[in-house]
Amino acid sequence: MTIDMSKYLGLFVSEATEHLEALGRDLVALEREGEAGAIDSMFRHAHSVKGMAASMGFEPVARLAHRVEDLVDAVRAAPDRLDRELVDVLLAASDTLMAQVRDVARGSAPQEAHALLEQLSARLRDVTGRAPLPTRVARTVVHLQAAASADAHARPREEVEPVRRAPSRWALKFRVAPACQVPGVRAFLVHRRLAALGEVSELRPALEDLKAGRIPDGLVSLRLETSSSEEAIRTSLRNVPEVELEVLKAVEAPPPAAPVQDAGRAAEAEPGRTVKVRTEHLDYFLDAVGELMLATARIREVGKALPEGMRPPLEEGVYRLHALVKDLHDKVMTVRMTPLSVITDRLPRAARDIARKRGREVDLVITGADIELDRAILDVLADPLLHLLRNCIDHGIESPEERQAARKAPRGRVSVSVRRQRDRVVLELEDDGRGMDAAGLKAAAVARGSLSAEAAARLSDREALLLCCLPGVSTARDVSDISGRGVGMDAVKRSVEGVGGTLEIDSEPGRGTRFTLRLPLTVAVVQLLLVAVGDEVYGLPIAKVVGAVEADLAVLSRSRETALLPHGTGLLPVHPLAGLVGMEEATVGGVRPFVVVEAESGKVALAVDRLLGQEEVVLKALSRPLDRVPGLSGVTILGSGRPVFILDVPRLLAA
Amino acid sequence: MAKRVLVVDDAIFMRNMIKDIFASGGFDVVGEAANGLEAVEKYRELRPDLTTMDIVMPFKSGIEATREILKQDASAVVIMCSALGQESLVMEAIEAGAADFIVKPFRAEDVLAVVKKVLGEA
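For the protein sequence lines, the chains are S and B, in the order given.
Count along the first sequence from 1, then add 1; that gives the number in our numbering.
For the second sequence, counting from 1, position 111 maps to 99 in our numbering; every step adds exactly one.
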């Protein structure tokens, strides 16, 4: 029975590469420092590569790695035989192995390194006085798709049974017709058809964007791994309307490796490598792309004023620009995605320290840390997460004695689990400690005057748990230097909500507590001008704000009922913001600020009571029924915790 | 031979319009249903070549009906009729196995183009 090993090819390439890189480093270290530990490490690397290559049926690789392993082993027994020439021949062998692995990655069969094998054998005989043993290689089926000419090398010498068509990889690109009314659904249908044939990967745009119709230029690209024939792929798309298959071509086995001339420089030239980018640059990119979007919208607006005949070429250009900017924006957002492990990696150490300090025994289990979020969210989340962990260990997990008395295992358990749920990331931090005291929290909140006794009585236990997020409310019996001062949970809640997330707490006395954070994948950051009308605060997107002026409403000239504010060389109609948002208009006279904003029909001046300043905030979409209120475009939570509506001035004026 | 069509929609207006479109395209509308329950029954009875299915209907939704029809007959060709703004429902229907969709308000030539394409006639 033969096993199709093709699916392990990617793993083989990446792991073998790592081992060979390490082997090269060890060789250099060995020569420079005469480090004895390096020999053991080299032996392991060569041994691992041999084993993997043999399992994959790559004889030339396995044989060469085996010879290296033998020679390293011989040197281990006779360190005095190690000299410059021996290091040279081992380095040459490690370079050649690297080149062979790259061949495999490119889809061609690795070449036998006859001369080098001979050199290694000679050195081995020289050191040990015996000849090398033959290398055993598994008979496997590994399909190397790219280079048919070299295929013969990789083919097993005997195939026990006929092999079914091996899955092959295809690169596909299709375009949804511009006239399609629901491009998202159309593309989803195609995706679904293809997914029925095999495995879809590298989908661009990502499935969520695609479903939402965010498809720049209507172009969708993906990789499909399938055992179906090219004809079958074409047929499955032939009867889909509004879709044009633009590219369908076979691609080589993953991961594709770039041709490399200099084997010794493989490490730098290998594809799929990452570079580190300063986070400020990422922020700058996002800001800049945001500005580009606004500028594009501005050009589009200006274009509307052009005479009919001149519009089409401009509109075409603007459309193209818009698609490019949108695409760029998506890319920037993708680049900003960072795995949660960036912030969870420090939790085990923190857990250990807190547990030691408080005499607790705790196991921390983290799962799903490879899930990615916008780094802006991670930045905000780092401290709250640490705080929650501290709370769990400090207040949740009991001392070992207490736990045993409660017939629990002496070691407590805290788990941090992360998972994707549609377009959100759910992070749960759960302990198996004593749980939270809902009644105690109610009493503490009432005692602090944060809540009336009647209101407290109306709260369910689950609602009451959230009282711990009120400033100064805590049921912790003693105030430690770790937590328990009631500052913190309010900050945790505010931070989570600030990035558009939610916090929930579930707890069962004696059984434990679970904090559930639901977070968006990305954030939308906007610049706001905050203005006050009466006691209310509203946000105006800076992009729409032209400027601010001060004047006395009473002395402004009027046209019919509307006051007119001199601005530049013209007069702008004045709209009191209070009236627009349905509040009583202040009758007090005197000098007051006006915000000049862009509206549908040109600039207008909004009369407000106070200008509170500019703030960069994270925009949250409104949910039902607030999304039905005309003139509101979103909501945000200020650093102070105050929710503020963001006004859509043109719609507000039209309402 | 003309292809046989089953038209499912809870609005008579829509059914009539869809029937006219199909008639103009040389199709044979063999049956109508006003809700999902009826649709499943009619399908069993008529075995049409093509079914157009409204999504939001009383008693049984078009998505549910599609699922049941495909359970009866995996080769059934069901085309969803949806309005703009129902994208997520249409995607749900596609996941349930719907072959394609058309978007209201309909234009005769668009509907016929989709249908012919889906049936492999274009």
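Take the hints with a grain of salt, since some may be wrong.
Said to hold, decoys possible - Covered by chain B, according to a simulated footprint, are these stretches of chain S (three or more residues, beta-carbon under 8 Å):
| id | region |
| --- | --- |
| 1 | 21 to 31 |
| 2 | 188 to 196 |
Stated by the list, open to error - Just a few of them, taken from the derived set where beta-carbon distance is under 10 Å, the chain B residues facing chain S:
| id | residue |
| --- | --- |
| 3 | M2 |
| 4 | A11 |
| 5 | E56 |
| 6 | A86 |
| 7 | D88 |
FYI, nobody ran anything at the bench for these hints, they're computed from the structure.
Just so you know, even glycine gets a beta-carbon here, dropped at the ideal spot from N, CA and C.
Each hint tested on the structure:
1. 21 to 31: violated (count 0)
2. 188 to 196: Held - the region 188 to 196 of chain S has 3 residues with a Cβ nearer than 8 Å to chain B, which meets the minimum of three.
3. M2: Constraint on B:M2 not satisfied, violated at 17 Å.
4. A11: 21 Å, violated
5. E56: 19 Å, violated
6. A86: Given a least distance of 9 Å, the restraint on B:A86 holds.
7. D88: Holds: closest Cβ of chain S sits about 7 Å from B:D88, inside 10 Å.
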